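Trainee: Single-letter residue listing:
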Amino acid sequence: MEARPFSDTSFDRFLDEEKLMGSRCDTCGALFVPPRPLCIACGGSEMEWVKMRGTGTLRAFTCIAVGPPAMRQEGYGRARPYCTGVVELDEGCRVVARIEDVNTNDPQTISIGMPVTVMFLHRGEGPDKTTYLAFKPAEGSEP
Amino acid sequence: MQKKRKLGRGVAVVGVGMSKFGMFKDKDSKDHFVEAFREMTASIDKGVDPNDIDALYLGNFSNDFFTHQAHWGPIVADIIGHVPKPATRTEGACASSALAFREGVFAIASGFYDIVLVGGLEVMSMRSTEEVAEGLALATIPYEGKAAFTFPGVFGATATAYFDRYQANREHLFNVTIKSHSNARLNPRAQYRASIREIMDSKIDRARKKGMEVPTWADEKEFLRDPAANPVVAWPMHLFDCCPISDGASCALLVGEELAKDFTDDPLHVIGIGQGSGRGLHAKEDLTTFEATRFAAQEAYGMAGIGPTEIQLAEVHDCFSIAEIVHIEDLGFFKPGEGYKAVEEGRTRLDGPKPINTSGGLKCKGHPVGATGVAQIVEIWEQLRGEAGERQVAGGDLRVGATHNLGGTGGTCTFTILERR
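First to last, the sequence lines map onto chains A and B.
Under numbering that gives the first Met the number 0, the residues of the first sequence are numbered 0 to 142, in order.
Under numbering that gives the first Met the number 0, the residues of the second sequence are numbered 0 to 420, in order.
Please note that a few of the clues may not be correct.
[Claimed, not checked] Rough simulated footprint, nothing fancy, chain A against chain B, three-plus residues with beta-carbon under 8 Å:
1) 128-134
2) 141-154
[Claimed, not checked] A few chain B residues facing chain A, derived, Cβ under 8 Å:
3) Thr159
4) Ala160
5) Gly279
Rather than coming from a laboratory, the hints here were simulated on the basis of the structure.
Note that the structure is predicted; figures quoted are calculated from it, not measured.
Glycine residues also receive a C-beta, built at the ideal position from the N, C-alpha and C atoms.
Turn these sequences into a full structure, and let the hints steer you where they fit.
Mentor: See below:
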């Protein structure tokens, strides 16, 4: 694991393995999710992989009724919007991710500040396999 | 503190032009540029010989995708008789022609060229709405794309963060939309020349003529609340929060300041010019601002030696209603969290103390993305010179105006300050 380059490709492969990974600067300790190869805080270039707990808070979202072709193929559209948003991880970094298990036909029920936990949406098989980062309302929290 | 910058040589705008924006089945990119170029040459009080133009900088985001033709610099150069002199395309997503303007300014300021044509073009209507959304999404950042964000989606998310932080709501955005429509109805080159009230009346008329149930909206806000009239695109962004799909072109002639008198006795001087870059939603420290805008504004204000209060009117990049509110805060016109109140109080209206988007903005004038940055310059030119017709800002003493152009999801932002002396 440690030998993987600090790249988007590595980030995506980790998602395939159901791991949400970031990079931490050896020099100053700054954390980046998705990973960065170069530290933009101190200029350091030595990084180490860190696994995120996968819990966080919803900071912004949207429910999209007119989506790209890939989402239309998944059955999303005007009658069934999908939610995507910005999640602040408990470790402090933010990620953009799909938001699942929320009522996208009534977005007023989705609240900023709501605790969320990670999910991994696997699509395709073999070399075509892609995993999308997603979050859902945390157990016991109001969606 | 940003370093204070200045141009090595003053630069003036001596003429501007734009095509009528809209969706045109029978006009291609060259036709639009010719229309803008003709208007530009006609706008130069003492005339210009096109053979004297040293170089062309042309902003274009993605005619490659929209029209299956790339490399528009030399194509446009050819049609205006500019070949074999140089033509350079600039790309900064929806800020592409603001970058062309900036490169033109630098080329003259350096002393290398004296007379430079800058402009932009985009033809988007050959594609379906879904395809245009896909094409524009090429200018999000990769993480946003993978999370299935669309452009309206990014600004929808910005709106939810803004609403939460400042206790604003969707109703506040209606004020932006109503104002944009009311300004655009006075702009002959705008794509949508109707107020919200006129749109309501025409829908009522149509329902009557077809014998359908006649809608009864009490006012503009009730119309905008009606999901049948104003469907959701990317909540809370609805149809009337979004700029349209547009075709069009724009251009401006820039010259060394000392040469301006050969073209006009009434040029606009480029007194501030700034550009910044930004990161995606995940890396923004504050989801309710665009750091690229703030950086560009500081650079331009620093160069001009003035602040936001001295800007008398501005065109800002209102690709979505929430964007206008965020920009007027980022540019310092209003304090953070005060933008939506300023719009509600009418302070940004044509007759308000700080008119914003007198052209109707991207929302109603139209947004052929690569043409927008210089088209904003066209509006400021007409307003400062008192040539804006029915939508002329009253008061008579207009001297300083500015344009703010945003590319992608805030990845490239520019701010340009123009002065009439």
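Trainee: It remains to establish, for every hint, whether it holds in the given structure.
Mentor: Do the hints match the structure? See the list:
1. 128-134: holds (count 4)
2. 141-154: n = 11 at 8 Å, threshold three: holds.
3. Thr159: Threonine 159 of chain B check passes; min Cβ-Cβ to chain A is 5 Å, inside 8 Å.
4. Ala160: 4 Å, holds
5. Gly279: 7 Å, holds
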